[in-house]
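Participant: The residues making up each chain are set out below.
Protein chains: 2
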Amino acid sequence: MAMQIESLDTPAILIDLDIMDRNLSRVADYARLHKLRLRPHTKTHKIPALGARQIALGAAGLTVAKVGEAEVMQRSTPDLLVAYPVIGRSKLDRLMRVDTDITVSLDSAEAAGQLSQAAQSAGRTIGVLAEFDAGLHRVGVPVGQRLHELVRSILELPGLDFRGIAFYPGHLKDAASPVDEMSASVQHALGQVRATGAEARIVSGGSTPLLWRSHEVQGINEIRPGTYIFNDRNTVESNACQWDDCAATILCTVVSTAVDGQMIIDGGSKTFSSDRTSIAPGFGRVTEAPAAVFEKMNEEHGYVNLAGVDRKFSIGDRVHVIPNHVCVAMNLHEQVYGVRNGRVDEVWKVEGRGKLQ
Amino acid sequence: MAMQIESLDTPAILIDLDIMDRNLSRVADYARLHKLRLRPHTKTHKIPALGARQIALGAAGLTVAKVGEAEVMQRSTPDLLVAYPVIGRSKLDRLMRVDTDITVSLDSAEAAGQLSQAAQSAGRTIGVLAEFDAGLHRVGVPVGQRLHELVRSILELPGLDFRGIAFYPGHLKDAASPVDEMSASVQHALGQVRATGAEARIVSGGSTPLLWRSHEVQGINEIRPGTYIFNDRNTVESNACQWDDCAATILCTVVSTAVDGQMIIDGGSKTFSSDRTSIAPGFGRVTEAPAAVFEKMNEEHGYVNLAGVDRKFSIGDRVHVIPNHVCVAMNLHEQVYGVRNGRVDEVWKVEGRGKLQ
Numbered sequence: 001m002a003m004q005i006e007s008l009d010t011p012a013i014l015i016d017l018d019i020m021d022r023n024l025s026r027v028a029d030y031a032r033l034h035k036l037r038l039r040p041h042t043k044t045h046k047i048p049a050l051g052a053r054q055i056a057l058g059a060a061g062l063t064v065a066k067v068g069e070a071e072v073m074q075r076s077t078p079d080l081l082v083a084y085p086v087i088g089r090s091k092l093d094r095l096m097r098v099d100t101d102i103t104v105s106l107d108s109a110e111a112a113g114q115l116s117q118a119a120q121s122a123g124r125t126i127g128v129l130a131e132f133d134a135g136l137h138r139v140g141v142p143v144g145q146r147l148h149e150l151v152r153s154i155l156e157l158p159g160l161d162f163r164g165i166a167f168y169p170g171h172l173k174d175a176a177s178p179v180d181e182m183s184a185s186v187q188h189a190l191g192q193v194r195a196t197g198a199e200a201r202i203v204s205g206g207s208t209p210l211l212w213r214s215h216e217v218q219g220i221n222e223i224r225p226g227t228y229i230f231n232d233r234n235t236v237e238s239n240a241c242q243w244d245d246c247a248a249t250i251l252c253t254v255v256s257t258a259v260d261g262q263m264i265i266d267g268g269s270k271t272f273s274s275d276r277t278s279i280a281p282g283f284g285r286v287t288e289a290p291a292a293v294f295e296k297m298n299e300e301h302g303y304v305n306l307a308g309v310d311r312k313f314s315i316g317d318r319v320h321v322i323p324n325h326v327c328v329a330m331n332l333h334e335q336v337y338g339v340r341n342g343r344v345d346e347v348w349k350v351e352g353r354g355k356l357q
Numbered sequence: 358m359a360m361q362i363e364s365l366d367t368p369a370i371l372i373d374l375d376i377m378d379r380n381l382s383r384v385a386d387y388a389r390l391h392k393l394r395l396r397p398h399t400k401t402h403k404i405p406a407l408g409a410r411q412i413a414l415g416a417a418g419l420t421v422a423k424v425g426e427a428e429v430m431q432r433s434t435p436d437l438l439v440a441y442p443v444i445g446r447s448k449l450d451r452l453m454r455v456d457t458d459i460t461v462s463l464d465s466a467e468a469a470g471q472l473s474q475a476a477q478s479a480g481r482t483i484g485v486l487a488e489f490d491a492g493l494h495r496v497g498v499p500v501g502q503r504l505h506e507l508v509r510s511i512l513e514l515p516g517l518d519f520r521g522i523a524f525y526p527g528h529l530k531d532a533a534s535p536v537d538e539m540s541a542s543v544q545h546a547l548g549q550v551r552a553t554g555a556e557a558r559i560v561s562g563g564s565t566p567l568l569w570r571s572h573e574v575q576g577i578n579e580i581r582p583g584t585y586i587f588n589d590r591n592t593v594e595s596n597a598c599q600w601d602d603c604a605a606t607i608l609c610t611v612v613s614t615a616v617d618g619q620m621i622i623d624g625g626s627k628t629f630s631s632d633r634t635s636i637a638p639g640f641g642r643v644t645e646a647p648a649a650v651f652e653k654m655n656e657e658h659g660y661v662n663l664a665g666v667d668r669k670f671s672i673g674d675r676v677h678v679i680p681n682h683v684c685v686a687m688n689l690h691e692q693v694y695g696v697r698n699g700r701v702d703e704v705w706k707v708e709g710r711g712k713l714q
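First to last, the protein sequences are chains A and B. Numbering follows my numbering, in which position 320 of the first sequence is assigned residue number 320; successive positions increment by one, without gaps. Take any residue in the second sequence, note its place counting from 1, add 357, and you have its number in my numbering.
If you are wondering where the hints come from, they were derived from the structure by calculation, not from laboratory data. Where is the CB? At the ideal position from N, CA and C, for every residue including glycine. Some hints here could point you the wrong way.
[Said to hold, decoys possible] Which chain B residues stay away from chain A? Per the calculated CB distances, all over 12 Å, these:
no.: 1; residue: LEU374
no.: 2; residue: ARG379
no.: 3; residue: PRO442
no.: 4; residue: PRO499
no.: 5; residue: ILE672
[Unchecked claim] Here are the simulated DSSO-like pairs of lysine-lysine, each with C-alpha atoms no more than 30 Å apart in a straight line:
no.: 6; chain 1: A; residue 1: LYS173; chain 2: A; residue 2: LYS35
no.: 7; chain 1: A; residue 1: LYS173; chain 2: A; residue 2: LYS312
no.: 8; chain 1: A; residue 1: LYS296; chain 2: A; residue 2: LYS349
no.: 9; chain 1: B; residue 1: LYS669; chain 2: B; residue 2: LYS653
no.: 10; chain 1: A; residue 1: LYS312; chain 2: A; residue 2: LYS296
no.: 11; chain 1: B; residue 1: LYS392; chain 2: A; residue 2: LYS349
no.: 12; chain 1: B; residue 1: LYS669; chain 2: A; residue 2: LYS296
no.: 13; chain 1: B; residue 1: LYS653; chain 2: A; residue 2: LYS173
no.: 14; chain 1: A; residue 1: LYS296; chain 2: B; residue 2: LYS392
no.: 15; chain 1: B; residue 1: LYS530; chain 2: B; residue 2: LYS392
no.: 16; chain 1: B; residue 1: LYS530; chain 2: B; residue 2: LYS653
no.: 17; chain 1: B; residue 1: LYS653; chain 2: B; residue 2: LYS706
Go ahead and model the full structure; you've got the sequences and the hints to work with.
Facilitator: Here it is in structure tokens:
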């Protein structure tokens, strides 16, 4: 192929393949060292070829959020975790046609009941993880009586194979957060499971910010990080990686310098998403001018404040911007470009893009 | 077709066709009454059939932001305004192959020079509007000497037809904002044009929040509203329409009620975008429970706080949510559904979706 980066039009997501490979290997090694099953969340890349690469490096399976993502990722792995309650006939019928072993994490007897009916109709057995709330207050029942009841209802339903418990510690944003409370929560949850007479073979947790602390959380035996393949400004701000671990940048062109002290780039919320970080202001880091502040955006316009930046930018100049949140940015692009040594080595269609259902 | 809404899976954007038609007619009538050219911005709907409907109702042409949108909309109109500086050979070459009359609004001699070269190579004449800054400080040169110079540079370049001036009053968020300053700005800009000896045949401004005030801005003869076709929470919050003028809602399903006082719906930032309004907190209005606060989102999770809401919601219930910003939501959906009397009458592919370049 050997296309030059200069020949790409903007805005475009570039993936530095050397950095990506290093990120993938580092986490695979960490999981192996600590005997943790790795089931990466593919919502970050949404690309079957990258799912397959994660499996080749030792991942036990892949995680998705939506049935549409499972349909896309099924050719990359024999083992899929749908980390989202699947509600409604239409989605369940589609899920039953996905040709891998399937586990679903869910948090209600209602969701378990619907899944059981679908599994029976399809003559399949579907794995289930009972989701508990480790502090994010999103999905997941509180640990205690309600978890006990949820596990019991799963155990009683035909077509379901209770495999364990799952949680997502998304409320902890800093890599240095104390994990004692999480350990206690997991232990408490495991006690609730034991009280039903069942065994939690899988204890699935982990997020990218807390990734490197996973082995300190007593009881966890599976992690599902997503962002680590590319990393982003959020990951750096949460102290879970360095700037030079960020594999994905968005190549943008300066299209206006009409307002003094500012440049407008051709990437706004349609290119980056309007996700903020919970820590630092702004919408991304301009690699060519780290002191610049990407302070505002509209759909097609990125406003970059150049106060305190020595370098002069002209219309037509190109900049590489590390996005706040790479998962949502990937969802906005039809394809992305894998680059190495200044050349485009890979063009990947983002096949899992826009799978809302 | 006569599909029932109940048969649609979620999340999905529904367009109430009666409300949409009323919105379209109302603005077409307003423009006719005040002898304003109407060149609607199609970034809101991104659907050629709806562009064609705007033309059928009397619009003089259509507006787009990106060349990719021009490629999609060219079959709906003989007249396109690209309201964005087109920079770089690749985009300019594609623009020259768009088979309509084309006008580009731009704010630099550099952009004008590139456009002139492309026009000459293609043997075409391209219309140009000089963009000035009416207070948003995004693109657009300040009114004064720099506008004068910009107009002169456009006039001198072969292949370009100077047609007038353009601005976007995006800094005025409330329908009751005073427009005196904008009038003064337009008059000042027109003076700068006259000083070059040229005539501004087109004076293009207007946004949805200020739409109904356009006739008060002295000198304007063209408006380019976009959002008015559907309206959204932003439009209501800016006092430019009522809730029952909102044609687009996002149908979502309740997937978790595990946290007391809260429900999780299956639409988050991948479904709505994470755009906030500049006025009211939250990410949308739940039609079935207007007192509910859609207070937080992740990619696939919408957190709806139910404090103060009498109605009980269960897993599997469906709700209609008016999004903060309908343009960016449309960009996230492959297709949308036109509904009337409880039935799905139209399924439109969002053909202009994701046209970043």
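Participant: Keeping to a limit of 30 Å between CA atoms, is the pair of LYS392(B) and LYS349(A) held or broken?
Facilitator: It is violated: about 47 Å lies between the C-alpha atoms, which goes past 30 Å.
Participant: Holds or violated: is the Cβ of ILE672(B) farther than 12 Å from all Cβ atoms of chain A?
Facilitator: violated, 4 Å
Participant: Taking only the CA atoms, is the gap from LYS530(B) to LYS653(B) under or equal to 30 Å?
Facilitator: holds, 23 Å
Participant: Is the Cβ of ARG379(B) more than 12 Å away from each Cβ in chain A?
Facilitator: holds, 26 Å
Participant: Tell me if the straight-line CA distance from LYS669(B) to LYS653(B) falls inside 30 Å.
Facilitator: holds, 20 Å
Participant: Between LYS296(A) and LYS392(B), does the CA-CA distance stay at or below 30 Å?
Facilitator: violated, 35 Å
Participant: Given the hinted pair LYS173(A) and LYS312(A), is their Cα-Cα distance within 30 Å?
Facilitator: violated, 35 Å
Participant: For the pair we were handed, LYS669(B) and LYS296(A), check the Cα-Cα distance against 30 Å.
Facilitator: Distance ~39 Å between LYS669(B) and LYS296(A) Cα, so the pair is violated.
Participant: Next pair to validate is LYS653(B) with LYS706(B); report whether the Cα-Cα distance is within 30 Å.
Facilitator: holds, 29 Å
Participant: Please verify whether LYS530(B) and LYS392(B) have alpha carbons no more than 30 Å apart.
Facilitator: holds, 24 Å
Participant: Determine whether the non-interface label on LEU374(B) survives the test: each CB of chain A must be over 12 Å from its CB.
Facilitator: holds, 22 Å
Participant: Can you confirm whether the C-alpha distance between LYS173(A) and LYS35(A) stays at or below 30 Å?
Facilitator: Judged against 30 Å, a Cα distance of about 24 Å means the pair holds.
Of the numbered hints stated above, those contradicted by the structure are hints 3, 4, 5, 7, 11, 12 and 14, listed in ascending order.
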